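Chemist: Here the protein sequences line up with chains A and B, keeping their order.
Under the working numbering, the first sequence has 306 at position 306, and the numbering climbs by one with no breaks.
To convert, take the position in the second sequence, counting from 1, and add 346; that gives the working numbering.
Derived from the structure by calculation, the hints contain no laboratory data.
Among the clues, some could well be false.
Keeping only pairs whose Cα atoms sit at most 27 Å apart, straight-line, the calculated DSS-like set for lysine-lysine is [said to hold, decoys possible]:
1. B:K486 with B:K598
2. B:K554 with A:K57
3. B:K468 with A:K179
4. B:K486 with B:K468
5. B:K554 with B:K486
Remember, it's a predicted structure, so these values are computed and weren't measured experimentally.
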Amino acid sequence: MTDIRQERSGAIGHVEQRQSSRLTLLRLLLSNEFGLLVLIVLFALIFSTVSPAFLSKFSLYALGRTAAVNIMIGFSMMVVILTGGLNLSVGAIGVSAAMFGGLLMEAFGLPWPLAIAGGLAMGAALGALNGVIIVRSGLHSFIITLATMSIFFGVMIFLTRAESYRDISPVFTGFGRMKLFAIVSPLLIVSVLVAVLLSVLFRYTALGREMLATGANERAAELSGIRVNRMITYCHMLSGILAGVAGVMLVSRTGAAIPSMAGQLGQDWLLPAFLGPVLGGTLLTGGRVSVLGTFLGSFLVTMLTTGLLLMQVGAFWVQTYLGLLLLLAVLLDLFRRSYLTRRKLI
Amino acid sequence: MQFKRLISALLALTAVPTLALADSSSRVALVPGGPHPYFAAWEQAGADAAKKFGLGSADYKVPQKWELGLQNQMLESLVTLGYNAFLIFPGDPVGTVAIADELADTGAPVIALAGCLKDPSKAVFCMGTDTGNSAYLGTKELLKELGSGAKIAHFTGFLVDPNTQLRIDAVNKAAAEGGAEVIQVIADIDAPEPAEEKINAYLAAHAKDVDGIITTAWVPAVVASSALRKIGDKRIKMVGIDHDEVVLKAIKDGFVHGTMLQNPYGQGYIGSYVADRLRSGCKVKADAPFKSNALTDKFIDSGTVFAGVNDVENYVGSMQSITNTLFEGFESTYLDC
Chain A
1 MTDIRQERSG AIGHVEQRQS SRLTLLRLLL SNEFGLLVLI VLFALIFSTV
51 SPAFLSKFSL YALGRTAAVN IMIGFSMMVV ILTGGLNLSV GAIGVSAAMF
101 GGLLMEAFGL PWPLAIAGGL AMGAALGALN GVIIVRSGLH SFIITLATMS
151 IFFGVMIFLT RAESYRDISP VFTGFGRMKL FAIVSPLLIV SVLVAVLLSV
201 LFRYTALGRE MLATGANERA AELSGIRVNR MITYCHMLSG ILAGVAGVML
251 VSRTGAAIPS MAGQLGQDWL LPAFLGPVLG GTLLTGGRVS VLGTFLGSFL
301 VTMLTTGLLL MQVGAFWVQT YLGLLLLLAV LLDLFRRSYL TRRKLI
Chain B
347 MQFKRLISAL LALTAVPTLA LADSSSRVAL VPGGPHPYFA AWEQAGADAA
397 KKFGLGSADY KVPQKWELGL QNQMLESLVT LGYNAFLIFP GDPVGTVAIA
447 DELADTGAPV IALAGCLKDP SKAVFCMGTD TGNSAYLGTK ELLKELGSGA
497 KIAHFTGFLV DPNTQLRIDA VNKAAAEGGA EVIQVIADID APEPAEEKIN
547 AYLAAHAKDV DGIITTAWVP AVVASSALRK IGDKRIKMVG IDHDEVVLKA
597 IKDGFVHGTM LQNPYGQGYI GSYVADRLRS GCKVKADAPF KSNALTDKFI
647 DSGTVFAGVN DVENYVGSMQ SITNTLFEGF ESTYLDC
């Protein structure tokens with residue numbers, strides 16, 4: 001009798017284990033991250049078939065280097081989106097931080113690690129300023145960061161007279177041009193490291209969870225003792241630091257801190273800033289982030305642009321094709337989910 | 347129509363005899379910083395040069411937006427696609443140096459065209475309009491018409507472009523020398539929307555306070571010409587820049603005093619030819635008589651000339667003459683072949 005019970009219990013346990021494994025697999029298949037990974041592989045196959053040069057060493061290296069910066073820009077927006085807000089000033093902050101780092105190196109002769117730290121501190125300060133104004137005024141971050149975008153950029157242009165800083169440490173600029181195994185840019189490794197740190201922050205620390213709770217439901221978070229205003233300010237500060245990292249990466253890549261690195265008012269960064277997190281599954285209403293999704297989403301967008309350029313799609317059609325491909329990417333993701341649902345795999 | 351005439355006339359350059367032995371493997375890319383009417387002439391210039399000199403190709407490749415990162419990405423893709431000579435309008439004089447150096451490291455000649463890279467760079471040289479000089483001469487022409495004591499407004503390009511500061515300084519210098527006063531500088535408007543908004547708003551409020559207008563960027567010149575036509579007051583004198591139809595017609599109709607012509611076709615045509623010659627083994631002479639500007643000591647002026655109401659009909663001839671002169675003497679002046 002006891003044996004039968006034990007056998008039955010063992011069989012049930014085995015079935016539960018199998019069901020649990022199946023559910024884990026299904027969750028993986030359903031995830032945005034998996035969908036993006038599939039799309040990256042799919043488009044890589046398409047591009048390399050149409051244009052074999054896509055898989056050349058130089059092409060892969062250049063792709064990784066460009067993607068690294070776009071990923072960082074995506075992270076910079078992601079950490080604000082998680083509060084349900086926006087940061088339109090990511091570009092202005094990034095370029096201001098980079099210019100400040102360049103100033104410290106060229107005008108004050110600081111060693112590059114200190115200058116970079118100074119640049120990131122500037123990014124943090126500008127981000128924190130955004131956060132403080134948003135919290136104190138009670139206005140939406142869209143309005144505040146729209147205004148500070150012009151203010152930060154305008155002050156930077158006024159102070160620098162649109163001149164670049166070129167006296168950058170060769171060690172630092174060499175880093176941005178280095179090739180590991182002929183195809184990997186160290187900048188991409190920086191992005192991976194930052195992604196790991198952000199994942200740890202949001203998954204394993206109280207601070208990260210409080211940030212997410214603030215984004216999910218401000219009032220509930222406040223009632224549970226979370227200092228909501230402080231969390232919002234921290235998120236904007238973190239956004240400023242990440243924008244600063246992106247700016248500093250560009251300095252390393254171009255060998256100079258230049259006011260136009262993010263375009264007029266830093267607007268060139270807005271599209272990559274939104275595309276990565278949104279494709280990656282970060283909720284615009286806040287409360288949920290996907291670091292891996294943002295990483296893959298930003299990589300996918302960069303890859304699409306590179307692939308289209310290599311396919312020599314007419315210059316003015318690139319944007320259109322990019323939009324169509326992104327739409328296709330979203331529809332394929334939708335199809336994948338609906339297929340899994342129809343097959344009762346979820 | 348004027349542009350077609352310009353192209354046809356400049357095609358006559360193909361009659362210029364040359365000893366060049368072209369390399370059919372030369373694939374030249376002419377890459378502006380982004381879409382802008384100024385660069386439209388490069389496409390035909392590259393095609394004409396490829397046909398005349400037997401190049402593999404000389405293709406005009408436009409980044410779809412004015413975005414430094416996008417231009418860099420396009421240049422990287424062109425290397426991957428096998429282009430081996432580059433004529434580049436730098437998206438940023440400093441920011442483009444790194445990619446230009448990387449291109450040069452692949453063995454491809456790189457020439458900065460229409461705008462310069464800041465020294466040091468591996469660009470062979472820079473060929474473009476001497477922007478400061480053009481702004482200075484344009485202001486002088488305006489003041490010839492207005493006399494001393496005039497109050498002028500200056501409409502110009504993007505502040506992130508260091509050429510803008512050179513233009514502002516040059517206009518101020520010419521104004522000071524001519525006893526005039528620059529009462530307003532409006533920058534950051536080399537795009538239709540900001541130009542329309544700011545120029546129209548300014549003229550609506552202050553037209554009566556202004557005696558003259560100098561514009562040193564394409565779009566502000568077009569918008570200001572249209573605005574003066576709309577106002578209908580020919581009291582305000584204006585000197586524009588480039589050869590947009592709107593500006594040329596305004597000159598003919600007396601709403602604009604004249605324009606400072608530049609030479610984009612000549613830049614593209616001569617640049618493509620020289621890039622091929624460099625690939626064929628020619629070297630730049632150590633004692634080549636380059637000029638200096640704020641960015642580089644390897645500058646070649648592609649020419650600028652004032653065209654007033656009497657010159658508009660024959661402005662093509664003026665530019666053809668400049669291009670011809672520059673082309674005929676180019677190899678002997680600048681290259682060792």
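Chemist: Now, for every hint given, state plainly whether the structure supports it.
Modeler: Cross-check of the supplied hints:
no.	hint	result
1	B:K486 with B:K598	holds, 20 Å
2	B:K554 with A:K57	violated, 62 Å
3	B:K468 with A:K179	holds, 20 Å
4	B:K486 with B:K468	violated, 36 Å
5	B:K554 with B:K486	holds, 22 Å
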